[in-house]
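Enquirer: Let chain A serve as the given structure and place chain B on it in line with the hints.
The listed protein sequences derive, respectively, from chains A and B. Number 83 in UniProt numbering belongs to position 83 of the first sequence; there are no gaps in the numbering. Number 229 in UniProt numbering belongs to position 229 of the second sequence; there are no gaps in the numbering.
You can trust all of the hints, since none of them are fake.
Because identical chains cannot be distinguished in the list, a pair is counted as satisfied if it fits within a single copy or across any two copies.
The list that follows gives simulated cross-link-like pairs (lysine to any residue, SDA-like), each with its CA atoms no further than 25 Å apart: (1) 263 x 298; (2) 263 x 292; (3) 246 x 395; (4) 246 x 347; (5) 263 x 295; (6) 246 x 212; (7) 246 x 324; (8) 246 x 315; (9) 246 x 202; (10) 246 x 391.
Honestly, the hints are just simulated from the structure, not real lab data. Because the structure is a prediction, the values reported are computed rather than measured.
2 protein chains.
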Amino acid sequence: MAADNPAANAAEQPEEAPGAPDAQAALAALADERIDHRFKGLPPDADGLTVGQLAAQRRNLFTGGFTTPVLALSAERLEHNLALMETYAERHGLAFAPHGKTSMAPQLFARQVERGAWGITLAVPHQVRVARAFGISRIFLANELVDAAALRMVAAELDADPSFRFICYVDSVRGVELMHAALSEAGASRPVDVVLELAAGDEARTGVRAEAECFEIANAVAGADTLRLVGVAGYEGEVPQATTEKVTAWLRRLSALAVELDKAGRFADLPEVVVSAGGSAWFDAVASVFAELPELSVPVLKLLRSGAYVSHDDGHYRNLTPFNRVPQEGALEPAFRLWAQVVSRPSAAQAFTNAGKRDAAYDLHLPEAQVVRRDGVERPATGITVTGLSDQHGWLRTEPEAELAVGDWLGMGLSHPCTVFDKWQLIPLVEADGTVTEYVRTFF
Amino acid sequence: MAADNPAANAAEQPEEAPGAPDAQAALAALADERIDHRFKGLPPDADGLTVGQLAAQRRNLFTGGFTTPVLALSAERLEHNLALMETYAERHGLAFAPHGKTSMAPQLFARQVERGAWGITLAVPHQVRVARAFGISRIFLANELVDAAALRMVAAELDADPSFRFICYVDSVRGVELMHAALSEAGASRPVDVVLELAAGDEARTGVRAEAECFEIANAVAGADTLRLVGVAGYEGEVPQATTEKVTAWLRRLSALAVELDKAGRFADLPEVVVSAGGSAWFDAVASVFAELPELSVPVLKLLRSGAYVSHDDGHYRNLTPFNRVPQEGALEPAFRLWAQVVSRPSAAQAFTNAGKRDAAYDLHLPEAQVVRRDGVERPATGITVTGLSDQHGWLRTEPEAELAVGDWLGMGLSHPCTVFDKWQLIPLVEADGTVTEYVRTFF
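Bound conformation, chain A alone (with noise of 0.2 Å):
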């Protein structure tokens, strides 16, 4: 990494500081948590063992007794997605806090972080509890934060450890002033980090609409000495109507925006300003657009906050990544695969697992057959598709090339990995011959 990349340098991680959770303890704590009842797919038989003696056993996921449904997360293409995105930011000059609201999987983040990560972008103060419970030393909140009661947490834990770092948005003078009162009720000794949230477009989710509110809301800020204002941030996943234009030229207006700021004065006595964009479908146009940010007064984090690339998926984001636009920089690859049984098979043109809304995301499209599994053996789902899914069953309709029967598993793809791992709480990360090595903890 060039010394003269701040980005770069400010991924290095801070030394623990008394008040720090102890991040390795609360991981290796993970592996202590009893397999019972609370964790669906794992082998009945497992019960009453701890998760890391289950580990140590490498049982096979077709063969150890796991039952359906279960959900299964590659270990080698987790492994190589967390390796494209470390490479991606670091060739274009990116600090990276990919969004943990995906996973919610404090044994993700600390591998994010292991490979560079910046620190954790998350949506809502329950999150960051999660991630100050595993050590998490630098938050971002892509979102406003209003709610007396998650200020006083955050202020605590700004007291209590002062290598933490914690950004959020504001977009409104109501909000800053919610805040403020938050904060001085709570005795708030270290100021709360803020940055401008600007919308995406006139009816684009949270943020300001016009440039001239955003002066407005700095004076605001500027006017709270719980608060200080660091930067700049939005989404351009939320551009109505998207193309590489429209997003370019939002991006544009993110980055005049902190140069309007910096020109009046307000980062003046930073050391660092912040500009953040790029959720999963756009992280090419944020590359483009950041490096061409001309020089602030203060050296500049530039930001980037895609969190699905830790499992991609078969469907959403497989048409929506911004690999597609560049393919010479790499590929994801898709890290889920949902695991159901057939339970039953009334007709030719008809199957039914056991897997339905508990199990698959279901929000933008519906799983996608891949293969049949039957007595040791894998096969292509040729003419197999699924059509709807009940809370507890899904609905297959096959072809008459479809050779499908009751108690074969079928191996399913999924869409928007957001809505895929909050219906797990305990994942079973599997190597390409089935081994399960390891099991991966959410919080939702």
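Expert: What follows is chain B alone, placed relative to chain A:
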């Protein structure tokens, strides 16, 4: 209860047997769990308290430090719904095995059993593990079960606890063969009770399509000493383009199948025959048709399985509940309210909350804005409509008359209890004045 009503007699719970899980101890242990990052919405300053200690503090949902979003379950409405369906089943001579997949909350299972439920219906083996961990002694698995590992678990439970009653579906000869092979290999000493599932129509989910096939499958069961055929069942909720007439016609087919099997001597050696149907949209038709069931050679356990009544809802089941057709028999009350905070109000026509797909059901309807709270005052959410959900945001359209500001709490009604419960692991039970008296733990 009339002494000659086998369903009512069956509702008396068996004595606890050696080998039976200790239900009271398991439920009591829930109060010893620690409040921590696992449970969203709870007060950050309650971290480290036990659930029992927090409940004893009787905090107020609105002033007690809870963070948004937070889901509240009305204590009074829950109690009302539990009582109403107990009365309903009793009045109609039905045994009741409410579908536990809805809540997956052992505390609610226990209250259902206290109120006379015969047992609990479930959908997949993982749910059986949860129910068994909390001492449920009668389980009706309303699904086929052909998973060898899960059948080993069931066989072990049956062997360890002579008081455990377990029934599941069969709908294919191959399914029977797979069950028999798995149970034989497991060395099961008690046969598994099965009921023939009759499909609700030619394309209507699992179940045998034609009665003639049922006799073939019954023959297969008769040839497997690990299985015992104890009746018939189905799910009228899948009748295509359902009307009272169509549902009634299908229920009569189900009854006639029971009669035919009985005439053929298939139930001769049983203490009772099971005839089961009944989701949450047609239990009036189930009650009517089951009342007409002629006497069989052995007593009949008429088993109703409705599950969504426990919380009811403000959408799907508000529209579909049979009580709309029989108001003289009572009315269920929607018991959930999701509280979110307005975090952004970027224009006169839009606002955004911090509750999204991670917090609210979205599979059948969007949440319904009901009330707004500010400074302890609650008023109707006039002119406010939820128009969409992101993963962690709610989108609101506001009419000119809507008075809504950043910081306000928005109380929302939800549609489809099954996809509400599954987003919350510890749900405050809240009295009308906001006092939280208990926390309901779910296991998904």
